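Build the full structure now, drawing on both the sequences and the hints.
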Amino acid sequence: MINRYPLWKNLLVAGAVLLGFIYALPNIYPPDFAIQISNEDTALEVSERHLAAATRSLDEAGLSYFDAVLKDGSALIRFHDDDSQLKGRSVVQRALHDQAGTFIVALNAAPTTPEWLVSIGAEPMKYGLDLRGGVHFLMEVDTEKTISDRIEGLEQDVKRALRDKSDRIRYTSLESPARGVLKVSFSEEALRDRARDKIESQYRQFLITEGEDDKFFVTLTMTDDSIKEIEDFAVQQNLQTIRNRVNELGVAEPLVQRLGRNRIVVDLPGVQDTAAAKKILGKVATLEFRMEAQPSAPRSTTISYEYEGRDASVEKKVILRGDRVFDAQVGFDPDSGLPQVNIKLDSDGGELMHRATRHNIGRRMAVIFIETKTRDRYEMVDGEEVLTSVPYIVKRVISLATVRAALGVSFRITGLEAGEARELALLLRAGALAADMFIAEERTVGASLGRDNIRKGAISVVVGMGLVLLFMLAYYRVFGLAANVALTANLVLLVAVMSGLSATLTLPGIAGIVLTVGMAVDANVLIFSRIREELKNKMSPQAAINAGFERAFVTIMDANLTTLLVAVILYSIGTGPVKGFAITLSIGIITSMFTAIMGTRAIINLMYGGRNVKRLMI
-3 MINRYPLWKN LLVAGAVLLG FIYALPNIYP PDFAIQISNE DTALEVSERH LAAATRSLDE
57 AGLSYFDAVL KDGSALIRFH DDDSQLKGRS VVQRALHDQA GTFIVALNAA PTTPEWLVSI
117 GAEPMKYGLD LRGGVHFLME VDTEKTISDR IEGLEQDVKR ALRDKSDRIR YTSLESPARG
177 VLKVSFSEEA LRDRARDKIE SQYRQFLITE GEDDKFFVTL TMTDDSIKEI EDFAVQQNLQ
237 TIRNRVNELG VAEPLVQRLG RNRIVVDLPG VQDTAAAKKI LGKVATLEFR MEAQPSAPRS
297 TTISYEYEGR DASVEKKVIL RGDRVFDAQV GFDPDSGLPQ VNIKLDSDGG ELMHRATRHN
357 IGRRMAVIFI ETKTRDRYEM VDGEEVLTSV PYIVKRVISL ATVRAALGVS FRITGLEAGE
417 ARELALLLRA GALAADMFIA EERTVGASLG RDNIRKGAIS VVVGMGLVLL FMLAYYRVFG
477 LAANVALTAN LVLLVAVMSG LSATLTLPGI AGIVLTVGMA VDANVLIFSR IREELKNKMS
537 PQAAINAGFE RAFVTIMDAN LTTLLVAVIL YSIGTGPVKG FAITLSIGII TSMFTAIMGT
597 RAIINLMYGG RNVKRLMI
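Numbering (this note's numbering), first residue to last: -3 to 614.
Please keep in mind that the hints were generated in silico from the structure rather than gathered at the bench. Honestly, I wouldn't trust all of these hints.
[What the hints assert, rightly or not] Straight-line distance between alpha carbons at most 20 Å, and here's what the computed PhoX-like set of lysine-lysine pairs gives: (1) Lys312 - Lys391; (2) Lys155 - Lys122; (3) Lys155 - Lys179; (4) Lys179 - Lys211; (5) Lys141 - Lys179; (6) Lys141 - Lys224; (7) Lys122 - Lys534; (8) Lys224 - Lys340.
[As the list claims (entries may be wrong)] Pairwise CB distance ranges, derived in the manner of DEER restraints: (9) Asp344 - Glu302: 27 to 35 Å; (10) Arg156 - Ser332: 31 to 39 Å; (11) Ser568 - Ser332: 37 to 45 Å; (12) Asp68 - His93: 17 to 25 Å; (13) Ser498 - Val377: 42 to 50 Å; (14) Ser332 - Glu381: 56 to 64 Å; (15) Gly379 - Asp77: 30 to 38 Å; (16) Asp331 - Phe434: 44 to 52 Å; (17) Glu41 - Glu381: 26 to 34 Å; (18) Ser183 - Gln152: 51 to 59 Å; (19) Ser498 - Ala454: 15 to 23 Å.
What you are looking at is a predicted structure, and each value in this text was computed from that prediction instead of being measured. For glycine and all other residues, C-beta sits at the position ideal for the given N, C-alpha and C.
See below:
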């Protein structure tokens, strides 16, 4: 029978809408204004004593809060409004300053989603910087200097290779005439040919050519792929370093992502103090490699560090520092299958490492992580207590491994657990910035402006959807009512999918939702117009309904696929705001296809299917 869905199709539509309603439900529970207290050392937890000191300071300051709990090693205190939240953070920072340990007190938006929803993975959408307020930085990586430094390193490598005792190939000049180019000149053709053979065997990643003007020369040119690889490495390492540093701010949902070839976007929702954010992003961290001290070594030549709950004594003499680390990746020993960290050094670092380890096989070498941090201190200035930041250095041993053979440019560290290997590789890569970086753009969005954006965005969605609902009801009557139910279901499914994907909602994203609301009824308009045409052609009501849905399907599919293709292109080449618009538009197209075709037809079938209908209200 036409216009009758089988039971399974009706259950599919009803089940999808019900599931969407459940997973969209968390968005009706607004988050609370809160402060989150965590320890700077992730291995330490906030205790009941620390929480008691924080709440006591709030009570003494007369600030009202309604909940204070410990969870997952940190504390969360909820407030009634943002003014109390901001004042509360300052009060708690001052109170915990005298406590043992270093604490991070950060603004947070504490979720209020019921536990039964959380237990099934239902969470609200995240709000972007423009809706929640916070700090935005656009940081630019100096990749030109990175390439220049690499050419300088290559220059030293080539000099060292040509001066090797076994060959001693004399050259007349060595220069870098252009970006990514190194030119080596010789007085004789034979010397040039010998040099080319030697250079080609060691630098296969470069394009090597020869020529002659007033001298014979060899040119080493970085290929576009080589330059891109260097730039990508510098940006990716800086990206990882910044992500690690941003975590210290305690921001619940930071956004750190690459933009274009050499820029990094940093969005810190909820952070209003740009000075504090800059302090974290600009801090210094590095690494040192030292040999473990021998038992007979004088104390004046050794330094002690704590490692795995015991003292580790290492030599004061530094083998090399982390700026010589070119790359570090987790791998697995092909013989034992155990995890290891594969490390690559630059040429100077490789020579220093070889010199230090060739006579120390069997001894252990320590990798020391050194970080410059700041500690808040309250001082009296002109009779007022002022919060100042004092820098201090933290050093800790992150690896102590036995040297199995003389090491060079590439070596590996073994004897680690899988988690330890990942952490060590991460610290080696992200301990310091791979390239200089500066802030190209800085912007602060106030919390009140964010709330105003949310209110205006919600009004735009409500007004837009309301006008569409009224139009469809007035123009298509009963069929318009079915389309309105499907449109409402589409909005619910859109919100549910975005929540399930942990998508971040931004102002452009809201624009995408408004556009989706307007576009979602296009399919129904095509279907209903087709039904009207079939009725004018004297087709029976049941046949007209069936023809309207069947014959309009191809047109609807073509129109939505082209729009979806544009949305995918926008997402692939666009920046943050454009990506937010593309995400909501893409999801909206997919959900609207489902609700406009299957959802609307299921409703129409329930109203008209299997009945002897003489006239349609359309």
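Okay, the hints, checked on the actual structure:
1. A hinted pair counts as satisfied when its Cα atoms are at most 20 Å apart, and Lys312 with Lys391 qualifies at roughly 13 Å.
2. A C-alpha spacing of about 55 Å is found between Lys155 and Lys122, which places the hinted pair above 20 Å, so the restraint is violated.
3. For the suggested pair Lys155 and Lys179, the alpha carbons sit about 12 Å apart, so the restraint of at most 20 Å is met.
4. In summary, the hint linking Lys179 to Lys211 is supported, as the alpha carbons are separated by about 11 Å, within the 20 Å threshold.
5. Annotation: proposed proximity of Lys141 to Lys179 holds, straight-line Cα distance about 19 Å (limit 20 Å).
6. Straight-line distance between C-alpha atoms of Lys141 and Lys224 comes to about 14 Å, which keeps the hinted pair within the 20 Å bound.
7. A hinted pair counts as satisfied when its Cα atoms are at most 20 Å apart, and Lys122 with Lys534 does not qualify at roughly 52 Å.
8. Under the criterion of a C-alpha separation no larger than 20 Å, the hint pairing Lys224 with Lys340 is consistent with the structure, at around 19 Å.
9. Range check, Asp344 to Glu302: Cβ separation about 31 Å, and the 27 to 35 Å hint holds.
10. The hinted window of 31 to 39 Å between Arg156 and Ser332 holds, with their beta carbons roughly 35 Å apart.
11. Remark: the range hint 37 to 45 Å for Ser568 to Ser332 is upheld by a beta-carbon distance near 42 Å.
12. Our hint of 17 to 25 Å for Asp68 and His93 holds, since their Cβ atoms are close to 23 Å apart.
13. As the Cβ distance of Ser498 to Val377 is approximately 45 Å, the hint placing it in 42 to 50 Å holds.
14. In this structure, Ser332 and Glu381 meet the distance hint of 56 to 64 Å, their C-beta atoms being roughly 59 Å apart.
15. Taken as a hint, the range 30 to 38 Å holds for the pair Gly379 and Asp77, whose Cβ atoms sit roughly 31 Å apart.
16. Separation of Asp331 from Phe434 is about 46 Å and conforms to the stated range, judged on CB atoms against 44 to 52 Å.
17. For the pair Glu41 and Glu381, the beta carbons lie near 29 Å from each other, so the given range of 26 to 34 Å is met.
18. Against the hinted window of 51 to 59 Å, the Cβ-Cβ separation of Ser183 and Gln152 comes to about 22 Å, which falls outside the hint.
19. In this structure the supplied range 15 to 23 Å holds for Ser498 paired with Ala454, their Cβ-Cβ distance being about 21 Å.
Of the numbered hints stated above, those contradicted by the structure are hints 2, 7 and 18, listed in ascending order.
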